[in-house]
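Sequence lines, in order, name chains A and B.
In this text, residue positions in the first sequence follow UniProt numbering: the first is 1, and each later residue adds one.
In this text, residue positions in the second sequence follow UniProt numbering: the first is 1, and each later residue adds one.
Warning: the hint list may mix true and false statements.
Simulated crosslink set (DSS-like; lysine-lysine; CA at most 30 Å straight-line) [unchecked claim]:
id : chain 1 : residue 1 : chain 2 : residue 2
1  : B       : Lys-295   : B       : Lys-264
2  : A       : Lys-210   : A       : Lys-59
3  : B       : Lys-330   : A       : Lys-181
4  : B       : Lys-295   : A       : Lys-100
5  : A       : Lys-210   : B       : Lys-330
6  : B       : Lys-330   : A       : Lys-3
7  : A       : Lys-181   : A       : Lys-100
8  : B       : Lys-295   : A       : Lys-210
9  : B       : Lys-322   : B       : Lys-264
10 : B       : Lys-322   : A       : Lys-3
11 : A       : Lys-59    : A       : Lys-33
Calculated directly from the structure, the hints in this document are not laboratory data.
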Amino acid sequence: MLKKSAANVVGIVLALFFLFPTYWMITSALKPKGSTITSDYDLIPFSVTFSNFATAWSKPGFLSSLGNSLMVTLIAVLAAIIVGITAAVAMSRFAFRGRKSFVLLMLVAQMAPFEALLIPMFLMMRDLQLYEHLSSLVLVYFAVTLPFCAWTLRGFVNGIPVELEEAAMVDGCGRWGAFQKVTLPLLGPGLVATSVFAFITAWNEFLFAKVLIRSQDLETLPVWLSGFQTAFGTDWGGAMAASVLFTVPALVFFLIVQRKMVAGVTAGAVKG
Amino acid sequence: MTAVKTTETAAPAGSIPPALPPAVTGGARKRRRGGAFDRALPYLLLAPALIAILWLIGWPVVSVFVTSFRQLNLGELVRGEIVWTGLDNYMTVLQDERFWEVSLRTVVFTVSVVVASVGMGLGIALLMRVLTPWVRIALQIAMLCAWAMPILASTTVYQWMFDQNYGILNKTLVQLGFDSFAGYSWFSSGSSTLSVVGLLIVWQAIPFLAFSLYAGLVGIPRDLYEAAGIDGASGWQTFRAVTWPEIRSLLLMVTFLSVLWDFKVFAQIWVFREGGPSGESTTLPVLQYLEGIAKSHFGVAAAISVLMMVILGLITFQYLRKLLQTEEGKI
Chain A
1 MLKKSAANVV GIVLALFFLF PTYWMITSAL KPKGSTITSD YDLIPFSVTF
51 SNFATAWSKP GFLSSLGNSL MVTLIAVLAA IIVGITAAVA MSRFAFRGRK
101 SFVLLMLVAQ MAPFEALLIP MFLMMRDLQL YEHLSSLVLV YFAVTLPFCA
151 WTLRGFVNGI PVELEEAAMV DGCGRWGAFQ KVTLPLLGPG LVATSVFAFI
201 TAWNEFLFAK VLIRSQDLET LPVWLSGFQT AFGTDWGGAM AASVLFTVPA
251 LVFFLIVQRK MVAGVTAGAV KG
Chain B
1 MTAVKTTETA APAGSIPPAL PPAVTGGARK RRRGGAFDRA LPYLLLAPAL
51 IAILWLIGWP VVSVFVTSFR QLNLGELVRG EIVWTGLDNY MTVLQDERFW
101 EVSLRTVVFT VSVVVASVGM GLGIALLMRV LTPWVRIALQ IAMLCAWAMP
151 ILASTTVYQW MFDQNYGILN KTLVQLGFDS FAGYSWFSSG SSTLSVVGLL
201 IVWQAIPFLA FSLYAGLVGI PRDLYEAAGI DGASGWQTFR AVTWPEIRSL
251 LLMVTFLSVL WDFKVFAQIW VFREGGPSGE STTLPVLQYL EGIAKSHFGV
301 AAAISVLMMV ILGLITFQYL RKLLQTEEGK I
């Protein structure tokens, strides 16, 4: 009994440890301007205002970088999911020459240290005249997320018994019909989980966004946020409000699909 | 919080009715019917992915090797000149004391962050089994908040918490009576800066590790523990005999992933102090950025990238070999 209550105390302390930065981000964002930069001890906010959110929202660059981030991320992830699912179906449902090597290629590509490809990517985008162009980021994020999407979706397709598809085909569906009517709906949760994980990867990306884009109109949200302090002094209330706005979409997605994501990422690892 | 059920490999024993076959593990089936189109179909389905990977990953990998043997500064780049210099770039890098310092720092940093986060992740996963449900749920929600925060948002929050003058950490320390922390700078040395960055990364990495390992732990059949209980095994013996063998490969997998992720950390380090003070928190990805993008020494930076991959390969070689072997058996 004592052991269990001790464990619970540790659990609560850990929960506070994980929660504190989120708490601090939100309360700092809600504090009136000026009250963040006093030497008073202010663990609990005594007066609350939303003006920091208004400030962050109307800062030059916030809305455009939010739009850029959303556009780049959505296009890249959509492309990676479409290309990934066709590859996953091929890997999982067909026997053909070279299948094994292709599956290994996907596995290895998934582990490629992308950051080490900064220089060739930079030179390549320059040669393609895509430097200073958002489509360079679309291509990079597509490439980063594709092997992951294909690999994870393969795991999800493997989890759907092929017999179901075969039964549909016996009942007169074509192969495409069987896939569309049987496999695709069952694949739904896996598709959602995979795309959210890919979304978060691209949503977070900083290095390539910083290197391939110089002009402020084309900045993505991470790069904009990293420049927040230098551009506007150290307006911590504003920076925290912007961080909250940046976090909310990611947090919502996470809460929806978190279980499936763990399944997807560690697929194939549990029993080695 | 139930275990992972969506993939055949991750299915906990007993949770899937035996009527379903272990769905086509690596599930290829021969289809003899059909003509040329059917035989071409898998290749058609693969073609977009294959082309994209060869073009956007394969070519850059080749290109980084090729570039590392060229003299390529801004001048050559603008003029489109190709100047081969053999091993000069590597000589420049390897003879630079700073490179060895930075490499050593990167490896030490990676290993410390991985050990800390995997160790704590496993500890929390084990703890979660013991907790009262509402405490467990509170802990899980707290961890989800940490996990979900975009990297740049969490980096900004940590900068604010560790702020020299108005950060909550210094304020709290002063409140507790440690007056010397008033206006204390956590970023006056490289090791202190990297410790803060490390704390941030560990804090944000633990949730994924704890959730995956917890899913693995929940999947261990109960009767194994009952049997151990009947045999009168102690807690430690049960862990050694039952828990450890069941989660070892999962633990290896998440450790390997953590090494890959932590080795190449750039955003957090750069945003904190751009590798400073005076280069003391510079790691290999930062060095590559400084040489390549800031100084436009693309050839030298490419050599650094290649060496980065070599070092990462050396750290992960054993695991990768094992993984490829088991995967090859499976697919």
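Tested hints:
1. Lys-295(B) <-> Lys-264(B): It holds: about 20 Å lies between the C-alpha atoms, which stays within 30 Å.
2. Lys-210(A) <-> Lys-59(A): holds (20 Å)
3. Lys-330(B) <-> Lys-181(A): holds (28 Å)
4. Lys-295(B) <-> Lys-100(A): violated (43 Å)
5. Lys-210(A) <-> Lys-330(B): violated (40 Å)
6. Lys-330(B) <-> Lys-3(A): violated (42 Å)
7. Lys-181(A) <-> Lys-100(A): Holds, because 28 Å separates the two Cα atoms, which is no more than 30 Å.
8. Lys-295(B) <-> Lys-210(A): holds (15 Å)
9. Lys-322(B) <-> Lys-264(B): Holds. Lys-322(B) to Lys-264(B) sits at ~22 Å (cutoff 30 Å).
10. Lys-322(B) <-> Lys-3(A): violated (39 Å)
11. Lys-59(A) <-> Lys-33(A): holds (15 Å)
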